[in-house]
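Engineer: If you want the building blocks of each chain, they are given just below.
Number of protein chains: 4
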Amino acid sequence: MTFVPTARTLMPDLTPAQEIVLLARTLWREGYDDHLAGHITYNLGDGTLLCNPWLLTWNEIRPRDIIRIDLDGNVVEGEWPVPLGIPLHLELHRLRPDVQVAMHNHPRYGTVWADMGEIPPAYDQSSSIGGGGDLVLVDEYQGAVDNGSAAAKTVAAMGDGELALLAGHGVFVLGVTVRAVHQRAVALETRCRNAWMVRAAGGPTTGSLPEAWFARTRTGDGNGFRGFWEASVRAELAADPTLLD
Amino acid sequence: MTFVPTARTLMPDLTPAQEIVLLARTLWREGYDDHLAGHITYNLGDGTLLCNPWLLTWNEIRPRDIIRIDLDGNVVEGEWPVPLGIPLHLELHRLRPDVQVAMHNHPRYGTVWADMGEIPPAYDQSSSIGGGGDLVLVDEYQGAVDNGSAAAKTVAAMGDGELALLAGHGVFVLGVTVRAVHQRAVALETRCRNAWMVRAAGGPTTGSLPEAWFARTRTGDGNGFRGFWEASVRAELAADPTLLD
Amino acid sequence: MTFVPTARTLMPDLTPAQEIVLLARTLWREGYDDHLAGHITYNLGDGTLLCNPWLLTWNEIRPRDIIRIDLDGNVVEGEWPVPLGIPLHLELHRLRPDVQVAMHNHPRYGTVWADMGEIPPAYDQSSSIGGGGDLVLVDEYQGAVDNGSAAAKTVAAMGDGELALLAGHGVFVLGVTVRAVHQRAVALETRCRNAWMVRAAGGPTTGSLPEAWFARTRTGDGNGFRGFWEASVRAELAADPTLLD
Amino acid sequence: MTFVPTARTLMPDLTPAQEIVLLARTLWREGYDDHLAGHITYNLGDGTLLCNPWLLTWNEIRPRDIIRIDLDGNVVEGEWPVPLGIPLHLELHRLRPDVQVAMHNHPRYGTVWADMGEIPPAYDQSSSIGGGGDLVLVDEYQGAVDNGSAAAKTVAAMGDGELALLAGHGVFVLGVTVRAVHQRAVALETRCRNAWMVRAAGGPTTGSLPEAWFARTRTGDGNGFRGFWEASVRAELAADPTLLD
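Protein chains in written order, with this note's numbering: chain A, 1 to 245; chain B, 1 to 245; chain C, 1 to 245; chain D, 1 to 245.
Think of the hints as simulated: they come from the structure by calculation, not from any bench. Note that beta-carbon positions come from the ideal geometry of N, C-alpha and C, so glycine has one too. There could be a bad hint or two in this list.
Stated by the list, open to error - Computed Cβ-Cβ distance ranges for the label pairs, DEER-style:
{"hint": "1", "chain 1": "B", "residue 1": "Asp221", "chain 2": "C", "residue 2": "Glu211", "range": "47 to 57 Å"}
{"hint": "2", "chain 1": "A", "residue 1": "Arg226", "chain 2": "B", "residue 2": "Thr2", "range": "32 to 42 Å"}
{"hint": "3", "chain 1": "A", "residue 1": "Pro241", "chain 2": "D", "residue 2": "Ala239", "range": "12 to 22 Å"}
{"hint": "4", "chain 1": "C", "residue 1": "Thr242", "chain 2": "D", "residue 2": "Asp13", "range": "54 to 64 Å"}
{"hint": "5", "chain 1": "D", "residue 1": "Phe214", "chain 2": "A", "residue 2": "Gly73", "range": "21 to 31 Å"}
{"hint": "6", "chain 1": "B", "residue 1": "Gly133", "chain 2": "D", "residue 2": "Phe214", "range": "54 to 64 Å"}
{"hint": "7", "chain 1": "B", "residue 1": "Asp98", "chain 2": "A", "residue 2": "Ala212", "range": "27 to 37 Å"}
{"hint": "8", "chain 1": "D", "residue 1": "Gly159", "chain 2": "A", "residue 2": "Ala212", "range": "52 to 62 Å"}
Claimed, not checked - Derived list of chain A stretches under chain B, where covered just means 3 residues or more per stretch with a C-beta under 8 Å from a C-beta of chain B:
{"hint": "9", "region": "117-125"}
{"hint": "10", "region": "196-207"}
I would like the entire structure built from these sequences, with the hints used as guidance.
Structural biologist: In structure tokens, the structure reads:
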């Protein structure tokens with residue numbers, strides 16, 4: 001079934017499981033496509049989380065594949081195991097009940113800045129929408145390398161922030177909705193791509209946007225841009241009209 | 001219906017609304033693809049403009065989605081709202097009745113030069129066709145950041161020119177026809193791409209084309225290259241034969 | 001009809017017009033894709049040339065679109081006009097009857113080196129197969145800018161060679177067969193791409209291949225690699241099984 | 001027939017010939033796509049090897065095209081000739097009976113580091129999974145250029161290692177299974193790509209991953225990551241459901 005949008009109804013209603021699938025599919029197309037690497041969790045607020053399954057890529061999952069897990073990482077519902085990297089998400093949701101959705105992956109340009117161990121400058125409007133405070137660099141491997149303590153350290157280092165580069169690894173993006181995480185993840189990858197291109201060309205280390213612009217965007221909760229998430233959802237539904245079945 | 005071109009008839013006749021759709025689709029394929037960012041206006045000369053709608057991407061709009069607005073930005077005809085960034089276009093059409101078509105977006109390479117705050121050298125023939133005077137850099141955020149005065153400042157800074165990089169933002173391309181805007185936008189992105197590649201490789205800051213070449217091309221109105229726009233239109237119609245329905 | 005290759009018959013028999021179409025299509029996929037820019041001529045040896053038509057892209061032409069012209073550039077057979085840039089080819093075929101096929105375009109990486117006005121080093125095997133003598137840099141605009149004399153100068157500057165970068169413009173590749181031009185054009189773009197990547201990374205200005213390797217490859221006539229051209233032809237026929245109809 | 005995975009059965013059972021085809025197809029998509037350049041051998045342990053045929057690309061071969069050869073390079077079974085570069089594989093399998101699968105190609109980023117004659121740093125987790133000891137740089141052309149002695153020199157230079165950059169040429173990746181070679185080849189190209197991007201941006205020459213991480217990953221046999229190979233196989237079967245027929 002082809003969805004036809006109107007100004008009032010920009011996309012079909014989605015269940016949380018469908019939202020996770022569409023976040024995975026849309027971000028895969030934006031460069032969050034490192035094989036089996038990504039995880040998305042969605043806090044249902046009842047002591048359980050929805051989660052993409054281990055063993056399937058973001059490019060192939062469908063709503064029926066989404067699993068439900070408890071805060072210790074046990075599968076409560078679903079036919080698939082939990083992603084290996086889930087301790088980071090469990091730690092996050094325990095300490096930050098304000099966060100509904102958390103996403104980790106190794107995107108094309110975000111990973112390069114994580115590899116360089118530097119925060120990319122934001123040079124333009126497209127690179128800075130979505131808010132979520134400052135982008136934080138977390139060097140998770142510096143102290144200990146076992147998974148639990150690295151997870152706790154990462155969450156602590158983020159403070160109230162909702163965007164992190166994990167040095168030598170990838171990115172971690174949080175939000176109160178799937179829409180907010182999508183908005184921030186797209187802006188983050190745009191920021192990392194444009195900043196890489198400026199840097200490779202020996203361009204300036206700061207852009208021309210005034211500090212007031214950034215001060216304003218940093219306070220955003222990622223939900224303010226109606227239509228942005230909906231447009232990406234429609235593109236996936238057009239590419240695979242059976243996606244919600 | 002598949003269109004078969006002949007030397008005499010290179011593409012089907014198009015209405016202005018169809019032309020806007022095809023400009024959006026062809027430029028999306030050329031790298032003008034920043035989600036919901038782009039706007040195209042077409043001055044009908046009767047105090048109203050045709051415009052792509054807010055909330056739909058350039059890759060999904062169809063002729064029935066094009067709206068008509070007055071010079072204050074009110075919708076006169078159509079089912080969709082006006083793009084948020086339209087004040088720039090309104091200001092432009094008020095001050096420059098010679099311009100029929102105006103296009104704004106954040107293309108891949110154009111945005112990188114806007115981020116660097118520099119005019120890219122034009123190194124080759126493909127980078128300099130279409131004319132429109134000098135490429136101008138406008139730092140729209142330097143003075144004030146409210147939308148109206150930035151729009152007026154941008155239009156003033158362009159003078160009689162028809163090509164601008166908006167620092168920390170994107171590009172603005174004008175013309176007396178849709179064809180002219182297409183020609184210039186393709187050349188501009190080629191110029192920005194090739195110049196970025198030369199710069200990233202530490203190449204020379206000037207090319208070997210003689211100044212006389214540029215003097216000649218700068219005077220072009222963008223309409224002289226028969227077949228260029230038509231070829232891009234045919235590629236879109238081949239990709240989606242129902243596009244004009 | 002799907003063609004099934006065997007070790008003995010690697011592709012269908014092709015007429016010269018079909019060969020031109022397949023050279024255009026395969027090279028388009030290799031980055032020779034600058035809108036209407038390219039021309040291919042095929043010397044029939046009877047005072048006429050086959051040529052791709054003006055006004056159609058390399059990605060859409062079919063065998064029925066190929067035109068036949070005389071050495072003054074008049075159309076002898078066919079429904080389409082002659083490419084604007086054809087004087088370069090006419091000059092070439094007049095002075096070099098040994099050359100059966102000549103190809104000009106503005107490929108992605110080749111154009112960057114033409115813009116830089118430098119010959120890229122050949123760092124690897126894939127960059128140097130096909131032969132054709134030394135790669136020559138021709139600064140066609142330095143002396144005069146009118147088309148005829150630039151064409152004569154370009155042809156003279158190439159001497160007996162069969163590969164040229166045209167400064168601020170594109171490339172020119174010659175051969176005794178379509179197969180040879182394909183081989184050389186693919187190797188040339190690989191050479192330009194890999195050398196750009198080495199240069200952008202600040203790598204060495206010479207590679208580790210011994211001079212004896214290059215001395216040997218330079219003498220090749222481009223016809224020696226059975227299967228290379230055939231594999232690219234099959235890829236196009238698989239992408240569009242009606243291409244030869 | 002569409003394959004539907006479950007947590008227990010992630011992909012269909014594959015014959016060795018099907019595994020070779022899928023290794024070729026999956027790696028082609030990862031950038032191992034240099035026309036006719038690649039070869040894969042699979043040691044059956046009975047004095048014969050399975051091998052992809054000469055004259056067909058990795059993107060078109062099907063299980064029926066796989067040939068069987070003896071350790072002198074004679075075809076024992078199949079309708080296609082042996083790849084020209086097979087001496088490297090014959091030498092390898094003679095000296096290293098522990099290696100079941102060997103793969104050579106000229107991937108996009110791996111070839112750039114081979115051209116630069118340098119080992120790329122591994123900056124992140126995705127760049128270092130799969131193990132196989134140290135990545136070795138072999139300058140095969142330095143001493144002699146005839147094929148046999150270059151092959152012996154390459155195999156000798158690798159020692160017990162299973163990953164090599166061949167200077168001015170491409171890469172060579174070994175493993176005890178097809179799965180292991182896939183894992184290592186993907187990690188190697190990721191390593192080469194990310195390191196190139198860091199280098200082009202003037203980033204640090206070492207990353208933040210601790211040496212203990214690398215010490216641990218180097219010992220891997222490439223088989224430990226269940227699901228990684230299977231996910232890539234499913235992507236190919238989805239793209240061409242007739243691939244195993």
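Engineer: Next step is simple, just say for each hint if it's right about the structure.
Structural biologist: Structure-based check of each hint:
no.: 1; hint: B:Asp221 with C:Glu211: 47 to 57 Å; verdict: holds, 53 Å
no.: 2; hint: A:Arg226 with B:Thr2: 32 to 42 Å; verdict: holds, 38 Å
no.: 3; hint: A:Pro241 with D:Ala239: 12 to 22 Å; verdict: holds, 18 Å
no.: 4; hint: C:Thr242 with D:Asp13: 54 to 64 Å; verdict: violated, 37 Å
no.: 5; hint: D:Phe214 with A:Gly73: 21 to 31 Å; verdict: holds, 28 Å
no.: 6; hint: B:Gly133 with D:Phe214: 54 to 64 Å; verdict: holds, 56 Å
no.: 7; hint: B:Asp98 with A:Ala212: 27 to 37 Å; verdict: holds, 35 Å
no.: 8; hint: D:Gly159 with A:Ala212: 52 to 62 Å; verdict: holds, 60 Å
no.: 9; hint: 117-125; verdict: holds (count 3)
no.: 10; hint: 196-207; verdict: holds (count 8)
When each numbered hint is compared with the structure, a violation occurs for hint 4 only.
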